[in-house]
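For chain A, the structure is supplied; the task is to place chain B on it using the hints.
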Amino acid sequence: MTDLLAIGTRKGLWLARSDDDRRTWTVSAPHLLAQEVAAVSIDTRRSAPRVLAGIQYGHWGPTVMRSDDLGATWDETDHGAISFPQDTGAALARVWQLRPDSADRPDVVWAGCEPHSLWRSSDGGCSFELVRGLHDHPHRPTWEPGGGGGAVHTILPDQATDRVTIAMSTGGVYVSPDGGESWEPRNRGITVTFGPDPLPEYGQCVHKVAVDAGDPDRLYAQNHFGVFRSDDAGRAWTSIADGLPVDFGFPIVSSPRTPGTAWVIPLVADMQRVPPDGRLRVHRTRDAGDSWTELGDGLPDGNWSAVMRDAFCADDHERTGIYFGTRDGCVYASADEGDTFTLVADHLPDVLTVRAARLP
Amino acid sequence: MSVQVLLPGALASLTGGAKHVDVEAGGGTLADLLDALATEHPMLGRRIRDETGAVRRYVNVYVDGDDVRYQGGLAAPVPDGAEVQVLPSVAGG
Chain A
1 MTDLLAIGTR KGLWLARSDD DRRTWTVSAP HLLAQEVAAV SIDTRRSAPR
51 VLAGIQYGHW GPTVMRSDDL GATWDETDHG AISFPQDTGA ALARVWQLRP
101 DSADRPDVVW AGCEPHSLWR SSDGGCSFEL VRGLHDHPHR PTWEPGGGGG
151 AVHTILPDQA TDRVTIAMST GGVYVSPDGG ESWEPRNRGI TVTFGPDPLP
201 EYGQCVHKVA VDAGDPDRLY AQNHFGVFRS DDAGRAWTSI ADGLPVDFGF
251 PIVSSPRTPG TAWVIPLVAD MQRVPPDGRL RVHRTRDAGD SWTELGDGLP
301 DGNWSAVMRD AFCADDHERT GIYFGTRDGC VYASADEGDT FTLVADHLPD
351 VLTVRAARLP
Chain B
1 MSVQVLLPGA LASLTGGAKH VDVEAGGGTL ADLLDALATE HPMLGRRIRD
51 ETGAVRRYVN VYVDGDDVRY QGGLAAPVPD GAEVQVLPSV AGG
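Protein chains in written order, with the UniProt record's numbering: chain A, 1 to 360; chain B, 1 to 93.
None of these hints come from the bench; they were simulated from the model.
Just so it is clear, CB atoms sit at the ideal spot from N, CA and C, and this is done for glycine as well.
Watch out, some of these pointers could steer you wrong.
[Claimed, not checked] Quick partial rundown of chain B residues pointing at chain A, CB under 7 angstroms, derived from the structure:
hint, residue
1, 42
2, 50
3, 51
So here's chain B without its partners, still in its complex pose:
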């Protein structure tokens, strides 16, 4: 499947400045997609997930506009042609 990943500006330096990344992944879940993304861009992968594979607490991921926290988390289905958006959550001080 082919998926477009949208990145915030803070992470674009890890993809050579690109805020849109096309990812080819098998399996059809968010975990499969993030594995494929991390293989191609390991630093980007670590910004989104820790070494256990969990999405970091203050990172939000949306599949076609839906927050994956309510769609099964890493098991959330990611269909071919989906748009996956990564955003920093409201946090900091």
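Chain A extracted, bound-state conformation:
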């Protein structure tokens, strides 16, 4: 069996492969060199795995590229896979998230984009349709861009129902019970430090959300200050930051196999945004955030580089593998849920996104 790790960076995409149960990795030559790759997905629901990449040509604008031969060739939809309808007056600025739906909906792929927008494809990512229910939401004009731009950066389609959960910076968490037709904010308990009201209905800068392996109503959120958990599909959130050295960070990842298990990578904030004392560390919970354990076997000291919100992911092995990349172009992998890490690649451009998959 082959494991594939897609590494999207500010200047291209690299594909790393492991044929020895994730012990060693071989990193490809660059794909899409010089293009920013801020979103990537590996869709293993198809007979040939499809890699989708949300790229930014720099001078020439954003688009979605797709490869059905693991990067040997790339295709692009003539008129653009993602293009705002004329009546919106908007233009696509960046693709932040590409998310294949469940195996029961094999051609459905979701995209989260800047400006704030959610898109749904029913042809495997060749073309996407704007989710009007979110675009027409009365809150949308008041969602402000965070430092990286205003975008839908997290999409969590429920595997068994039509519920879709998204997160935005800023905007916060919104949930649709009906596949995107209607939306409501679900941010109660998530705090804001950049406005006069610490607990608004919406407008939070939620950096990333992950869903628990054992309970689709249990969510974990890394916020712009604060780490939170919801046990009721986002209706109420409580802090689970006790036990972490600091409560700021960008990504949060849950195990797709082991209930209660999730990981964060804390950063000192607000202004520094570096690992505490320069020690790059992952923190793991086994009890849904009631306690945290620092993990650092194989990770460096003297590291002053941040990990971005989409540059941390998990695979679906029985014993979860976790992977992350840094802004100084290093990629680390753990085949044992974070107990030990190995260096997959270094000296790459800033890592913006990683995704792992077992190839059939």
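Positioned in the frame of chain A, the structure of chain B alone reads:
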């Protein structure tokens, strides 16, 4: 009208390798020309303009050597026989 469009190497793959493209367009403005170009080469059209029709921020367009930013933008006149050059601006890092 017939206009010759000059493309940078980075965009030539979208026209089968051609850096010079002859375009027949009516109307006489840059918008008319870019519409005609996009009809024939949709990917090339998207590289130059976004879906609102605006020329991308880091793309420079010159009509007979004049920067269209100072010639009316998309309304800039493009006479028959003109040479329109598309270039990436100074940007990146």
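Okay, the hints, checked on the actual structure:
At about 4 angstroms, the closest approach between the beta carbon of residue 42 of chain B and any beta carbon in chain A falls short of 7 angstroms, and the interface hint on this residue holds. At about 4 angstroms, the closest approach between the beta carbon of residue 50 of chain B and any beta carbon in chain A falls short of 7 angstroms, and the interface hint on this residue holds. Among the interface hints, the one on residue 51 of chain B holds; its C-beta lies about 5 angstroms from the nearest C-beta in chain A, closer than the 7 angstroms criterion.
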